[in-house]
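Student: What follows is the residue order along each chain.
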Amino acid sequence: DAKTTQPPSMDCAEGRAANLPCNHSTISGNEYVYWYRQIHSQGPQYIIHGLKNNETNEMASLIITEDRKSSTLILPHATLRDTAVYYCIVRVPLGGANSKLTFGKGITLSVRP
Amino acid sequence: DAGITQSPRHKVTETGTPVTLRCHQTENHRYMYWYRQDPGHGLRLIHYSYGVKDTDKGEVSDGYSVSRSKTEDFLLTLESATSSQTSVYFCAISEGRYSGNTIYFGEGSWLTVV
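Chains A and B are the protein sequences, given in the same order.
Using our numbering, read the first sequence as starting at 1270 and increasing by one per residue.
Using our numbering, read the second sequence as starting at 299 and increasing by one per residue.
Honestly, the hints are just simulated from the structure, not real lab data.
It is possible that part of the hints are untrue.
[To be verified] Below 20 angstroms or equal to it, Euclidean Cα-Cα: the simulated DMTMM-like pairs (lysine to aspartate or glutamate) are:
no., chain 1, residue 1, chain 2, residue 2
1, B, Lys309, B, Glu377
2, A, Lys1272, B, Asp336
3, B, Lys355, B, Glu393
4, B, Lys351, B, Glu393
5, A, Lys1272, B, Glu377
6, B, Lys309, B, Glu405
7, B, Lys368, B, Asp352
8, A, Lys1374, B, Glu357
9, A, Lys1374, B, Asp336
10, B, Lys351, B, Glu370
11, B, Lys351, B, Asp371
12, B, Lys355, B, Asp336
These figures come from a predicted structure and were not determined experimentally.
Starting from the given sequences, assemble the full structure and let the hints guide the process.
Tutor: As structure tokens, then:
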């Protein structure tokens, strides 16, 4: 499985952009990068995913480097409700050996007023 | 919201008793999953289903069984609950099994085995 590494925590000011980095140097060519977030006591919430092109939706933007070994999730205007644990994962297809959607420890984003 | 409902949301049970958790989806997705989340272990796949009556094991399947008699429902059963099965359980769904198929999670079922 392609593993991901994220810093343990970061903070940003409300209204500013939050840029959350992720390294996934062993990613395979057909594996997508996904970002989820989890607010305490809730289920993981899907944010965005991408293969090799940059992606944007109503929640965030995803920037993937050309070599695909790292990516950055951008929350353009962070609010206090964006305070959560953010997980960067590589989605391994089901089949063959036990499938995993491996969530590491994630990065705790704290948005300050 | 992903159209996933889990029940019960919270349950306390005694060691040795059977427990069934239910996952109901309104998205008509083919794949359904049960995960557990524990401190230090992240999310781990217990079982998954790829169609009615089609299921397979995940990485932590011992002590658990599943059934899927309808597309929309996926049941997780602990035949004889143990304290090590105290956890929060998440149901998830996806249209397909490939990397590009997004997995959506439910809100979780908190199970305490005393």
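Student: Run every hint past the structure and note whether it holds.
Tutor: For each hint, the structure was consulted:
Among the hinted pairs, B:Lys309 with B:Glu377 is consistent with the structure: their alpha-carbon atoms are about 15 angstroms apart, no more than 20 angstroms. Between A:Lys1272 and B:Asp336 the CA atoms are separated by roughly 19 angstroms; this keeps the pair inside 20 angstroms, and the hint holds. This hinted pair checks out: B:Lys355 and B:Glu393 have alpha carbons roughly 18 angstroms apart, not beyond 20 angstroms. With a CA separation close to 17 angstroms, the supplied pair B:Lys351 and B:Glu393 stays within the 20 angstroms bound.
Proximity of A:Lys1272 to B:Glu377 is assessed by CA-CA distance (about 33 angstroms); at most 20 angstroms being required, the pair is judged violated. Taking the CA atoms of B:Lys309 and B:Glu405, the gap is near 14 angstroms; set against the 20 angstroms cutoff, the hint holds. Under the criterion of a C-alpha separation no larger than 20 angstroms, the hint pairing B:Lys368 with B:Asp352 is consistent with the structure, at around 11 angstroms. Distance restraint check for A:Lys1374 and B:Glu357: the Cα-Cα separation of roughly 18 angstroms lies within the 20 angstroms cut-off, and the hinted pair is therefore satisfied.
For the suggested pair A:Lys1374 and B:Asp336, the alpha carbons sit about 11 angstroms apart, so the restraint of at most 20 angstroms is met. Taking the CA atoms of B:Lys351 and B:Glu370, the gap is about 12 angstroms. The hint holds against a cut of 20 angstroms. Taken as a hint, the B:Lys351 and B:Asp371 pair is honoured in the structure, with Cα atoms around 11 angstroms apart against an allowance of 20 angstroms. The hinted pair formed by B:Lys355 and B:Asp336 meets the criterion: a straight-line CA distance of about 19 angstroms does not exceed 20 angstroms.
Taken one by one, the earlier hints fail for this structure only at number 5.
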